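Residues per chain, in single letters:
4 protein chains.
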Amino acid sequence: MTQDGVDALDELRVGLRDFAAERDWGQFHTPKNLAMALAGEVGELLEIFQWLTPEQAAEVMGSGRADDVRDELADVVIYLVRLADVLGVDLLEVAHAKLARNHDRFPPADVRGRADGPPAGA
Amino acid sequence: MTQDGVDALDELRVGLRDFAAERDWGQFHTPKNLAMALAGEVGELLEIFQWLTPEQAAEVMGSGRADDVRDELADVVIYLVRLADVLGVDLLEVAHAKLARNHDRFPPADVRGRADGPPAGA
Amino acid sequence: MTQDGVDALDELRVGLRDFAAERDWGQFHTPKNLAMALAGEVGELLEIFQWLTPEQAAEVMGSGRADDVRDELADVVIYLVRLADVLGVDLLEVAHAKLARNHDRFPPADVRGRADGPPAGA
Amino acid sequence: MTQDGVDALDELRVGLRDFAAERDWGQFHTPKNLAMALAGEVGELLEIFQWLTPEQAAEVMGSGRADDVRDELADVVIYLVRLADVLGVDLLEVAHAKLARNHDRFPPADVRGRADGPPAGA
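Residue numbers (my numbering), protein chains in the order written: chain D, 1 to 122; chain V, 1 to 122; chain R, 1 to 122; chain E, 1 to 122.
Source of the hints: derived by calculation from the structure; they are not laboratory data. Do not rely on the hints blindly, as some may be mistaken.
Given that identical chains are not distinguished, each listed pair holds provided it fits within a single copy or across any two copies.
[To be verified] The list that follows gives simulated cross-link-like pairs (lysine to any residue, SDA-like), each with its CA atoms no further than 20 Å apart:
id, residue 1, residue 2
1, K98, G88
2, K98, D85
3, K98, E59
4, K98, P108
5, K98, D116
6, K98, L52
7, K98, M61
Since the structure is predicted, the reported quantities are computational estimates derived from the model, not experimental observations.
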C-alpha cells in the first residue's frame with residue numbers, strides 16, 4: 001500500500017508513543033500489561049451491550065449510550081495500537097494477510113449462511 | 001485528515017464487509033455477537049502471554065510464538081474493524097479525539113512516572 | 001457458614017494447589033498471570049456462544065456443544081479458585097457479602113424489570 | 001460429595017436466583033448476556049492489576065486496592081454462578097472432573113517446571 005495509506009494509523013501510533021514518553025509511562029507499557037489493559041477495555045465495551053436486547057443493541061448509536069460506545073472503542077484502539085507498536089507489529093499488514101488466508105479457508109460455497117467456521121474471517 | 005489517510009483502514013473495512021456478504025454471514029454480525037468475538041480473540045492473545053516472564057514477553061516476536069502473536073492481533077483488528085463498521089463508528093476519529101482529551105486529563109507534571117491514572121491515554 | 005459447607009470448594013482449592021506444586025508450576029501462578037489465564041478461558045467460553053442466536057444459546061446444553069460448555073466453565077472455575085487461593089481471598093465469603101450489599105443498592109421497587117443497574121446483583 | 005458439601009455454593013446460587021426473580025431481572029439473564037457480563041467483570045479485575053509490577057501484584061491484598069480485588073472477585077463469582085445455574089451446570093462437578101482429566105494429560109515427569117502445557121490444570 002502507499003506511504004500515504006499508512007499515515008492515519010501511524011499518526012495515532014506516534015501520538016500514543018509520544019504521550020507515554022512525555023509522562024514516563026513507557027515503563028508500564030510492557031506487552032503483558034498492555035494485553036491486560038486491552039482486555040479491560042474490551043470488557044468495558046461488552047458491559048455497555050450486555051443487558052441490551054438485540055434490537056436495542058442495533059440502535060445503540062442513536063441512544064444515550066452512543067458516546068460511551070465511542071469512548072470504549074477509542075480506548076480499545078488506543079491499547080491495541082500501543083501494544084502493536086511495542087511489539088513491532090504492523091496491524092493492517094497482519095490483518096490483510098489474515099483476510100487473504102481466510103478467503104482460502106472459507107470458500108463461500110462451503111460456508112454460506114453457516115456459522116460453523118468463524119463468520120468474520122478470523 | 002486527508003482522504004488518502006483513511007484508505008488503508010477503509011480497504012480492510014470494505015474487504016471485511018464484502019467477505020461477510022459473500023458468505024451470507026452478516027446475519028451473525030450483530031453488535032453483541034461481534035463484541036463477544038472481539039473478547040474471544042483478545043482472550044486468545046492473552047493466552048500466548050499468560051505464562052511468559054516479563055523478559056520472555058519482551059522477546060516474544062523473536063520466539064516461536066511470533067506468528068501466533070501476529071495471527072491473534074490480526075483477528076482482534078478484524079473483529080474491531082467489523083464491529084466499528086456495523087456501528088458506523090470511525091475508529092481513528094474517536095481514538096484521536098480520546099487522545100486529545102487525555103492530553104487535558106493527564107498533564108505530564110501531574111502524572112509523570114505514576115500509574116494511578118491510565119498510562120496509555122485511555 | 002458451617003465447616004462442612006466450605007469443604008466442596010476447599011477440596012478443589014487444595015487439589016489445584018497440590019496439582020501445581022507437584023509440577024513445580026507455582027512459579028507461573030502469579031496474580032497477574034492467573035488473571036490473564038482467567039480472561040483467556042472466559043474468552044473461550046464466549047467463543048462457544050458468539051454466533052448462536054438467543055434461542056440456540058438457550059438450548060446449548062442439549063446440543064453438540066454441551067461438553068465444550070462444561071469444559072470451559074470448568075477451566076474458568078479452576079483459574080478463579082487458583083487465583084483466589086494465591087491472593088488469600090474466600091470466594092464464597094466475598095460473593096455473599098456483595099450480594100448482601102446489592103440487596104441494599106437495588107431495592108426491588110426501584111429496579112424491577114429495568115436493566116439500568118446491574119441485573120445480577122454485581 | 002456429601003449433601004453438606006454443596007450447601008455453601010448452593011446457598012449463593014439460590015440467593016442469586018431469588019435476587020433476580022424479585023427484581024424481574026431473569027429476562028436479562030440469558031446465557032449470552034451472562035457470559036458477556038462475566039467477561040466484563042473479569043476485565044474489571046484485570047484493570048486492578050494491569051499496571052502493577054509483579055511485586056506490587058503479589059502484595060496487592062495488603063494495599064489500598066485490596067477491597068477492589070475482593071469486590072471484583074465477588075462480581076466474577078456472582079456472574080459465573082448465575083450463568084451455571086441458568087445453564088444447569090454443576091460448577092464443582094465439572095471442575096473436579098476436569099482436574100482429574102488433567103492429572104492424566106499432564107504427568108508431572110513430563111511437565112515439571114515447564115509452562116508449555118496449561119500450568120493450572122486447565
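Verification of the hints:
1. For a Cα distance limit of 20 Å, the shortest separation of K98 from G88 inside one copy, 17 Å, qualifies, whereas the shortest one across copies, 23 Å, does not.
2. Taking the closest pair of Cα atoms, K98 and D85 come within 20 Å of each other both inside a single copy (19 Å) and across two copies (18 Å).
3. Taking the shortest Cα distances, K98 and E59 never come within 20 Å of each other, neither inside one copy (30 Å) nor across copies (23 Å).
4. Proximity of K98 and P108 under a CA criterion of 20 Å is satisfied intra-copy only: 16 Å inside one chain copy versus 37 Å between copies.
5. Taking the shortest Cα distances, K98 and D116 sit within 20 Å of each other inside one copy (18 Å), while across copies they are farther apart (25 Å).
6. For the homomeric pair K98 and L52, neither the shortest alpha-carbon distance inside one copy (31 Å) nor that between copies (24 Å) is at most 20 Å.
7. For the homomeric pair K98 and M61, the shortest alpha-carbon distance between copies (18 Å) is at most 20 Å, but the shortest distance inside one copy (29 Å) is not.
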